[in-house]
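Student: First to last, the protein sequences are chains A and B.
Per this note's numbering, residue 87 is the first one in the first sequence, and the count goes up by one each step.
Per this note's numbering, residue 12 is the first one in the second sequence, and the count goes up by one each step.
Keep in mind that the hints were calculated from the coordinates and are not lab data.
Note that the structure is a prediction, hence the values are computed from the model and not measured.
Ideal Cβ positions, reconstructed from N, Cα and C, are used throughout, including at glycine.
The reader is advised that the hints may include incorrect statements.
[To be verified] Label-pair restraints from in silico Cβ distances:
id, chain 1, residue 1, chain 2, residue 2, range
1, A, P197, B, G39, 31 to 39 Å
2, A, E133, B, E160, 24 to 32 Å
3, A, R195, B, Q183, 21 to 29 Å
4, B, S173, A, G190, 21 to 29 Å
5, A, P228, B, F117, 35 to 43 Å
6, A, T154, B, K48, 25 to 33 Å
7, B, V54, A, P197, 29 to 37 Å
8, A, R216, B, K63, 34 to 42 Å
9, A, P197, B, P82, 36 to 44 Å
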Amino acid sequence: MTHWLFIFLVFFTDLNAQSISEQIVKINIPDITVQSGKSSVIIINVEVKKGYHIQANKVNDEFLIPTTLEITKDKSIEQGEQVFPAAKKFKLEGTNDFLNVYDGSFEIRIPFKTTQRIQKYKSYLQAKLRYQACNFKSCLFPKTIDFIIPLAIININADKN
Amino acid sequence: MKYCISTVIVLFLSVLFAFAQEDQYLIGKKAPSFTLKDIDGKVYSLEQMKGKYVVIHFAATWCPFCNAEAPNLEELYKGYHNKNVQVFIVDVKEDKGLVEKSLSRFNFSFPVLLDVNGEVSASYAPEGVQPDLARHEVPLASNLILDKEGNIRFYSLLNSVSFDAKLTKLKQKLDELLQMK
């Protein structure tokens, strides 16, 4: 029964996923519901406008602006290492150089585990996605999108009682 | 069948013409004047450059295309500064410290000017081009040649599909202008 309740909650909260659109980038943010004491993964979906690319998380020139995600610390969870997708290679015509980029749609995964057993907990994690976009005609100034990730920790045993 | 081939040829030529036209923005127009400081604080104005050919490259430290062109701009300067050609990089809306740190690796022999609020860059944005962008963003990674009277004789906006990192077209135009004098 408790498993069904948990599955219901996860499914229900996923329906509430929100998205934030900016000129070039759209971020799809899930509502996260996790059982207290358990681990889970926050999956942020990023959509880059057609025709554009953004620099990848690992760039091959220290002065380029890598795509980064910053999530403020929250007392209830311990964040693991962020996982960015493999970059695509973008050839700089007329040179032997390549840029590491993302285009289309990709996911950033942030594994985490709850740090304490609590009855019920609701939080809004503050997040910032920073990126620098180009298309074939222009490179745009770096931008930062601020957004929040709703997080709910539930204690199924407590709910049952 | 003949009609189809003719249509395809006309379409192809139209596309070619459209691309060729891209570089015609502001050609023959007086270059917007500016007075800017370089990273050492020395003041440069376009007025002072009268009687010289001037090459301008709009850049930002994070711009991959600008960085790819940078060594070739230094090479261009070395090859042409004795031919009455002045080269400038105009860095757009960045902190002096960052520009200094980033560009020290290129060891430029020519001035790097700081367009701190982006006004100069915005003044070089051709009207109607990329209207969805902030005006100071439009000229980033572009190259211009101004003649001895300060008229724009060459203007190439970024086109990463046919990106000319080695500045071949710019040098070609510069040679052409130098031969005409």
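Student: Hint by hint, note whether the structure agrees.
Tutor: Going through the hints against the structure:
Against the hinted window of 31 to 39 Å, the Cβ-Cβ separation of P197/A and G39/B comes to about 60 Å, which falls outside the hint. For the hinted restraint 24 to 32 Å between E133/A and E160/B, the CB-CB distance of approximately 49 Å leaves it violated. Checking the proposed 21 to 29 Å range against R195/A and Q183/B shows it is violated: the Cβ atoms sit about 49 Å from each other. The hinted window of 21 to 29 Å between S173/B and G190/A holds, with their beta carbons roughly 23 Å apart.
Between P228/A and F117/B the beta carbons are some 21 Å apart, a value that contradicts the proposed interval 35 to 43 Å. Checking the proposed 25 to 33 Å range against T154/A and K48/B shows it holds: the Cβ atoms sit about 32 Å from each other. A beta carbon spacing of about 54 Å between V54/B and P197/A contradicts the range 29 to 37 Å that was offered as a hint. Separated by about 41 Å at the C-beta atoms, R216/A and K63/B satisfy the suggested range of 34 to 42 Å.
For the pair P197/A and P82/B, the supplied restraint of 36 to 44 Å holds, since their beta-carbon distance comes to about 42 Å.
Checked against the numbered hints listed earlier, the structure breaks hints 1, 2, 3, 5, 7; every other hint is satisfied.
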